[in-house]
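Engineer: Residues per chain are reported as follows:
There are 2 protein chains.
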Amino acid sequence: MARESKGMTIMRRIDELAFHTETPGMLTRTYLTDAHQHAAALLADWMRAASMSVRRDAAGNVIGRYEGCTPDAPALLTGSHFDTVRNAGKYDGNLGIVLPIACIAEWNEQGRRFPFAIEVIGFAEEEGVRFKATLLGSRAIAGTFDPAVLDKCDEQGQTMQDVMAAAGFDFRQLGAAAFKGENVLAFIEVHIEQGPVLLNENRPVGIVTAISGASRFLVTVHGLAGHAGTVPMALRRDAAMAAAEIGLYIEKRCSGTSELVGTVGLLEVPNGAANTVPGKAIFTIDIRAESDDVRRAAVADVLDAMQKIAQRRNVTLDINQTHEAKSVRCAPWLQEQLADAIAGCGLPVRYLPSGAGHDAMAIATLTDIAMLFVRCGNNGISHHPDETITAEDAETAATVLSRFIENFAPRR
Amino acid sequence: MARESKGMTIMRRIDELAFHTETPGMLTRTYLTDAHQHAAALLADWMRAASMSVRRDAAGNVIGRYEGCTPDAPALLTGSHFDTVRNAGKYDGNLGIVLPIACIAEWNEQGRRFPFAIEVIGFAEEEGVRFKATLLGSRAIAGTFDPAVLDKCDEQGQTMQDVMAAAGFDFRQLGAAAFKGENVLAFIEVHIEQGPVLLNENRPVGIVTAISGASRFLVTVHGLAGHAGTVPMALRRDAAMAAAEIGLYIEKRCSGTSELVGTVGLLEVPNGAANTVPGKAIFTIDIRAESDDVRRAAVADVLDAMQKIAQRRNVTLDINQTHEAKSVRCAPWLQEQLADAIAGCGLPVRYLPSGAGHDAMAIATLTDIAMLFVRCGNNGISHHPDETITAEDAETAATVLSRFIENFAPRR
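Residue numbers (the working numbering), protein chains in the order written: chain A, 1 to 412; chain B, 1 to 412.
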């Protein structure tokens, strides 16, 4: 029997993992549910099959170690998360665990070891669905886990620490889950792009330059409700049209700069009715960019334009900032080695920022990070059952990661 | 004791009527509820006190007749509705019944009669709240009552005909409620403006030129949902921004023409979230104008612009027309006599269209109509407890109506 290609193994195992869901018929696998624990056990099996030693830390992370030529060598880290959003796609996160396991399995068959160890981490929690707190797994490993979140409750009213205890994890050991910087060489995360850029440019993989910083606002517009038939246009204080004008300003301001995006994702006219001039509108603003300066300049312009629009339209605004995160840069020396690996596979090198957050963000406080994006199908749709990649791209990405690791030169 | 002014009587009786509500603490008086029947009885009392003969027709309308110099003379009709919306203002409709009763009471005290009878009609239903069918009272009198609505149910599941029977009204007599054209000279309705035009121009009353025609649409925009961080601006198919651009086009297209208004009253992004590019948006369009040509031209431009915007943004539109009504013109000969009455009171003459529908719309198929608008306070707010007028304006409007009727010359 011919050996299964790495691409095929990866696709098959991704399908296998997707059987473990809280909700039959759709993939939902949140932190420390039965489905989540089953997925963890499956990942551990595959790690062991590749001769990795497997441990689980107090956060529930699954960590497989493939020793180097000498024991206790410092480790190159890789991995991603195995929790999911509700009604998720199956590649988000999971690909970044299953893929390096397949690479290691091949080296293991070849009896090949490196001057460094490789640790593959299945991060137990990234999405923040169950406890409204994100990056739990990677923060535990980076030593930045916030103990305050242990008191957060899920929808059933169970605290995170009770849920952890019931699953056999002792939150008092969370500190010991933190890696020591001196044992770590770097972190590289393989992840689906979750967007259409590589698809549209016909590139199987891309090098992430940075995880974009983000600013978010929740805005309420207060205008004056009125009868749609009896209030002349010139006398209106239409809250919805003020929101519309602001939205289009954001869209225009954030267009034309390739690394900048701005979105009005939530837009509501409470109690809206066909025959009423809206007196109130609520919307969100989400602005992201690779460069914090570019983002801050856009935010400043948007806030300024909002005030001018509000003044001209005689409406008032309540503006609440709900989120602010700086950009996290991928290390140039790792990007270079990744570019060499991609070029060495005969592929074009495409750099792009990641607009979405990833475990690598949290790991960046522990060690230098890199990310390899893999092309999505279906217009780049993600967090949705239609999320997809091809087996060919999985194979290509695995080949690129293998080449990167085989040629990996730790920073001096 | 000094005689109470007509303005004071009107304000006091409006307050009196407002006690009759289905909901303590707020005014809601829908068709044939106990509150509605009590209000009808009160109106009948006030009519009788002014020496009017009172009858109720099969639709529940309260009709008071003040005979002319000779019995059975053809009648000048006036009146408005005494049902209300939920959490209503107390002047909408009610003013147009209470006000002419006060005028007639004065003539009755003076022993004054005219060569024509005057009939004051309290229309039992205009707003359409209970059975989702509007203008029931005026349509019965115009002979255009649609028998199909008798089978409509209220929220308790009672059919209109059962509710009518329980209140002592026989739907089989609805045909007999229709007035004969030869017995009628004209109809004039006094009504609050329900808008801010007279208030902003400091005019106590205005002459309605026409009840605007209206076109309404419900539009669904289908774009493509995506991650707010990962889909570059140029690759987006944002349904909300398409709706925003269409909304602003409507606003701009309908501005600058004094008789034209265009409104996006409902605007929704289903399941909108800060970090998601909206894949779907739903909104309404309401376009009204005094001139049907002006309205149709605006609607055509809006539909055209929508297609262009949709094409450019690569989104698709489902456009459903939900309403289409032609403009109803107020008779020029009645407008002239109303202008004479206003000028005769030393007041400036202001013409304006009515963007809202009124009982006069239905009566227009029976006889020529006129409408006198009375200035609202509070920015012209209506259908709301803050709806208000001043006693002084009530007095002024009563004086104008009295002068109009005293000098009324039937069309030859």
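Hints should not be assumed to be uniformly reliable.
Since the list can't tell identical chains apart, any single copy or any two copies may satisfy a pair.
[As the list claims (entries may be wrong)] Derived pair list, reagent style DSSO-like, types lysine-lysine, alpha-carbon separation capped at 27 Å:
id	residue 1	residue 2
1	K252	K280
2	K280	K180
3	K152	K308
4	K180	K308
5	K132	K252
6	K132	K308
7	K308	K252
8	K252	K326
9	K152	K280
10	K252	K180
11	K152	K252
No lab work stands behind these hints, which were simulated from the structure alone.
Engineer: Using 27 Å as the alpha carbon limit, work out where K132 and K308 are close: within a copy, between copies, both or neither.
Structural biologist: neither (35 Å within a copy, 41 Å between copies)
Engineer: What label fits K252 with K280 when the C-alpha limit is 27 Å: within, between, both, or neither?
Structural biologist: Close inside one copy (24 Å) and across copies (20 Å); limit 27 Å.
Engineer: Please work out whether the CA atoms of K152 and K280 approach to 27 Å or closer within one copy, between two copies, in both situations, or in neither?
Structural biologist: neither (33 Å within a copy, 33 Å between copies)
Engineer: If the cutoff is 27 Å on CA atoms, where do K252 and K180 land: within, between, both or neither? Let me know, please.
Structural biologist: Cα proximity of K252 and K180: none, with 45 Å in one copy and 62 Å across.
Engineer: Are the CA atoms of K308 and K252 at most 27 Å apart within a copy, between copies, both, or neither?
Structural biologist: both (16 Å within a copy, 18 Å between copies)
Engineer: Please sort K132 with K252 into within, between, both or neither, judging by C-alpha distance up to 27 Å.
Structural biologist: neither (32 Å within a copy, 42 Å between copies)
Engineer: Under a CA distance limit of 27 Å, which applies to K252 and K326: within one copy, between copies, both, or neither?
Structural biologist: within (23 Å within a copy, 39 Å between copies)
Engineer: With identical chains treated as interchangeable, where does the CA-CA distance between K180 and K308 reach 27 Å or less: within a copy, between copies, both, or neither?
Structural biologist: neither (51 Å within a copy, 59 Å between copies)
Engineer: Between the shortest in-copy and the shortest cross-copy C-alpha distance, which are at most 27 Å for K280 and K180: within, between, both, or neither?
Structural biologist: neither (52 Å within a copy, 47 Å between copies)
Engineer: Under a CA distance limit of 27 Å, which applies to K152 and K308: within one copy, between copies, both, or neither?
Structural biologist: Answer is neither: 40 Å inside a copy and 49 Å across each miss the 27 Å cutoff.
Engineer: Checking K152 and K252: alpha-carbon separation at most 27 Å within a copy, between copies, both or neither?
Structural biologist: Answer is neither; intra-copy 39 Å and inter-copy 49 Å both fail.
In this structure, the earlier hints numbered 2, 3, 4, 5, 6, 9, 10 and 11 are contradicted, and the remaining ones agree with it.
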